[in-house]
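Undergrad: Taken in order, these protein sequences are the chains called B and C. The first sequence maps to residues 0 to 126 in numbering that gives the first Met the number 0. The second sequence maps to residues 0 to 79 in numbering that gives the first Met the number 0.
I should point out that these hints are in silico values taken from the structure, not numbers from a laboratory. Built from N, CA and C at the ideal position, the CB exists for glycine as well. There could be a bad hint or two in this list.
Said to hold, decoys possible - Chain C residues, not near chain B, derived (Cβ > 12 Å throughout): (1) Thr4; (2) Asn7; (3) Thr9; (4) Val26; (5) Asp29; (6) Met31; (7) Phe33; (8) Val36; (9) Glu38; (10) Phe40; (11) Ile54; (12) Leu64; (13) Val70; (14) Leu74; (15) Arg76.
Said to hold, decoys possible - List time: in silico DMTMM-like cross-link candidates among lysine to aspartate or glutamate, alpha-carbon distance up to 20 Å: (16) B:Lys61 <-> B:Glu97; (17) B:Lys83 <-> C:Glu35; (18) C:Lys51 <-> B:Asp100; (19) C:Lys51 <-> C:Glu35; (20) C:Lys67 <-> C:Asp42; (21) B:Lys49 <-> B:Glu97; (22) B:Lys61 <-> C:Asp42; (23) B:Lys8 <-> B:Glu23; (24) B:Lys106 <-> B:Asp66; (25) B:Lys55 <-> B:Asp75; (26) B:Lys63 <-> B:Asp20; (27) B:Lys106 <-> C:Glu47; (28) B:Lys106 <-> C:Asp42; (29) B:Lys49 <-> B:Glu23; (30) B:Lys71 <-> B:Asp104; (31) B:Lys10 <-> C:Glu65; (32) B:Lys83 <-> B:Asp66; (33) B:Lys79 <-> B:Glu60; (34) B:Lys106 <-> C:Glu35; (35) B:Lys71 <-> B:Glu103; (36) B:Lys83 <-> C:Glu48; (37) B:Lys10 <-> B:Glu97; (38) B:Lys55 <-> B:Asp104; (39) B:Lys106 <-> C:Glu48; (40) B:Lys61 <-> B:Asp7.
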Amino acid sequence: MKVKKLGDKKKILYVQTSGVDAPERTYAPFILATTAVAMGLDATIYFLIKGVTVVKRGEAEKIKLGDFPSLKEVMDQATKAGVKLEVCEQSCMLLGLERGDFVEDAKIVGAATLNDRLLEADAVMCF
Amino acid sequence: MQTETRPNRTLDTLGLYCPEPVFRTRVALDKMAFGEVLEVFADDPAAEEDLKSLIRRTGNELLRLEKKGSVILFLIRKLR
């Protein structure tokens, strides 16, 4: 659904620092970002610190809270809608995790990119 | 029409992870004269977007970005 030209779109950046050990904090960025795209906005979720665990392959499948669908379904819905997922791979080193092995849609980026996204965004929300 | 751009300086960041490729590229650019071209090799996947951001934010020009397997080659012209 394209309301405006890409360059005209307002941008929201969601920063996910919480991980799979706090599953109640993992749904909102995907749901908000998917809604943002439906509203004609550009939405990116940046995963860092414990947030990287959310986009490790096979982890979202394990999370299902209350009457919500699994986190994997919510994540797939988001990426299908056009939400961009970016991940700070260095956070794996911080947490003593293996590098890589992220979900297919997650793009590996770093510190300069997050700074750039923050400056480009019209709004930023952290989880 | 494509002309060969010869780098004035080469920076190897292979094996280094974020933010080292960004820091070292910045240091290398600072030592160069305006108009000169820096060639950077990186194999941290984060370097692709990170160096693009660095180059744009510092007002320099990305002449070429090439990927050969896991290695990314950047050609950067120092403008500022």
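Undergrad: Hint by hint, say whether it matches the structure.
TA: Consistency of the hints with the structure:
1. No Cβ of chain B approaches the Cβ of Thr4 (chain C) within 12 Å, the least distance being about 23 Å, so the stated non-interface status holds.
2. The non-interface label for Asn7 (chain C) is consistent with chain B: the shortest C-beta to C-beta separation is roughly 23 Å, beyond 12 Å.
3. With a least beta-carbon separation of about 21 Å from chain B, Thr9 (chain C) lies farther than 12 Å from that chain, consistent with its non-interface assignment.
4. At the 12 Å boundary, the C-beta of Val26 (chain C) stays outside the reach of chain B, the nearest C-beta of that chain being 14 Å off.
5. Once the 12 Å rule is applied to beta carbons, Asp29 (chain C) is consistent with being away from chain B; the minimum gap is 16 Å.
6. Interface exclusion of Met31 (chain C) from chain B stands, the closest Cβ pair being 19 Å apart, more than 12 Å.
7. Every beta carbon of chain B lies more than 12 Å from that of Phe33 (chain C), the smallest distance being close to 22 Å; the non-interface claim holds.
8. With a least CB separation of 20 Å from chain B, Val36 (chain C) remains clear of the 12 Å interface cut-off, as annotated.
9. No Cβ of chain B approaches the Cβ of Glu38 (chain C) within 12 Å, the least distance being about 19 Å, so the stated non-interface status holds.
10. Every C-beta of chain B lies more than 12 Å from that of Phe40 (chain C), the closest at about 16 Å, which supports listing it as non-interface.
11. Interface exclusion of Ile54 (chain C) from chain B breaks down, the closest Cβ pair being 10 Å apart, not more than 12 Å.
12. At roughly 15 Å from the closest C-beta of chain B, the C-beta of Leu64 (chain C) stays outside 12 Å, upholding its exclusion from the interface.
13. Under the 12 Å C-beta cut-off, the non-interface status given to Val70 (chain C) relative to chain B holds; the minimum distance is some 15 Å.
14. Non-interface call for Leu74 (chain C) relative to chain B: holds, since the shortest CB-CB distance, roughly 18 Å, exceeds 12 Å.
15. Every C-beta of chain B lies more than 12 Å from that of Arg76 (chain C), the closest at about 18 Å, which supports listing it as non-interface.
16. This hinted pair checks out: Lys61 (chain B) and Glu97 (chain B) have alpha carbons roughly 19 Å apart, not beyond 20 Å.
17. Restraint check: the Cα-Cα separation between Lys83 (chain B) and Glu35 (chain C) comes to about 35 Å, which exceeds 20 Å; the hinted pair is violated.
18. Between Lys51 (chain C) and Asp100 (chain B) the alpha-carbon distance is near 24 Å, which puts this suggested pair outside the 20 Å criterion.
19. For the given pair, Lys51 (chain C) sits about 18 Å from Glu35 (chain C) by alpha-carbon distance, which is consistent with the 20 Å threshold.
20. The suggested pairing of Lys67 (chain C) with Asp42 (chain C) holds, with an alpha-carbon distance near 10 Å, which does not exceed 20 Å.
21. Restraint check for Lys49 (chain B) and Glu97 (chain B): the C-alpha separation of about 13 Å stays at or below 20 Å, so the hint holds.
22. With a CA separation close to 32 Å, the supplied pair Lys61 (chain B) and Asp42 (chain C) exceeds the 20 Å bound.
23. Taken as a hint, the Lys8 (chain B) and Glu23 (chain B) pair is broken in the structure, with Cα atoms around 30 Å apart against an allowance of 20 Å.
24. With a C-alpha separation of about 30 Å, the suggested pairing of Lys106 (chain B) with Asp66 (chain B) is violated against the 20 Å cut-off.
25. Restraint check: the Cα-Cα separation between Lys55 (chain B) and Asp75 (chain B) comes to about 14 Å, which is no more than 20 Å; the hinted pair holds.
26. Of the pairs offered as hints, the one joining Lys63 (chain B) and Asp20 (chain B) holds, with about 13 Å between alpha carbons and a cut-off of 20 Å not exceeded.
27. A threshold of 20 Å between alpha carbons decides the hint, and for Lys106 (chain B) with Glu47 (chain C) the separation of about 10 Å falls inside it, so the pair holds.
28. This hinted pair checks out: Lys106 (chain B) and Asp42 (chain C) have alpha carbons roughly 15 Å apart, not beyond 20 Å.
29. Note on Lys49 (chain B) and Glu23 (chain B): the hinted pairing holds, with a Cα-Cα distance of about 14 Å set against a maximum of 20 Å.
30. This hinted pair checks out: Lys71 (chain B) and Asp104 (chain B) have alpha carbons roughly 12 Å apart, not beyond 20 Å.
31. This hinted pair does not check out: Lys10 (chain B) and Glu65 (chain C) have alpha carbons roughly 28 Å apart, beyond 20 Å.
32. For a cut-off of 20 Å, the pair hint linking Lys83 (chain B) to Asp66 (chain B) is broken: about 26 Å separates their Cα positions.
33. A threshold of 20 Å between alpha carbons decides the hint, and for Lys79 (chain B) with Glu60 (chain B) the separation of about 17 Å falls inside it, so the pair holds.
34. A C-alpha spacing of about 31 Å is found between Lys106 (chain B) and Glu35 (chain C), which places the hinted pair above 20 Å, so the restraint is violated.
35. For the suggested pair Lys71 (chain B) and Glu103 (chain B), the alpha carbons sit about 12 Å apart, so the restraint of at most 20 Å is met.
36. Distance restraint check for Lys83 (chain B) and Glu48 (chain C): the Cα-Cα separation of roughly 14 Å lies within the 20 Å cut-off, and the hinted pair is therefore satisfied.
37. Taking the CA atoms of Lys10 (chain B) and Glu97 (chain B), the gap is near 32 Å; set against the 20 Å cutoff, the hint is violated.
38. The suggested pairing of Lys55 (chain B) with Asp104 (chain B) holds, with an alpha-carbon distance near 11 Å, which does not exceed 20 Å.
39. Distance restraint check for Lys106 (chain B) and Glu48 (chain C): the Cα-Cα separation of roughly 9 Å lies within the 20 Å cut-off, and the hinted pair is therefore satisfied.
40. The suggested pairing of Lys61 (chain B) with Asp7 (chain B) is violated, with an alpha-carbon distance near 38 Å, which exceeds 20 Å.
Violated hints, listed in ascending order, are 11, 17, 18, 22, 23, 24, 31, 32, 34, 37, 40; each of the other numbered hints is respected by the structure.
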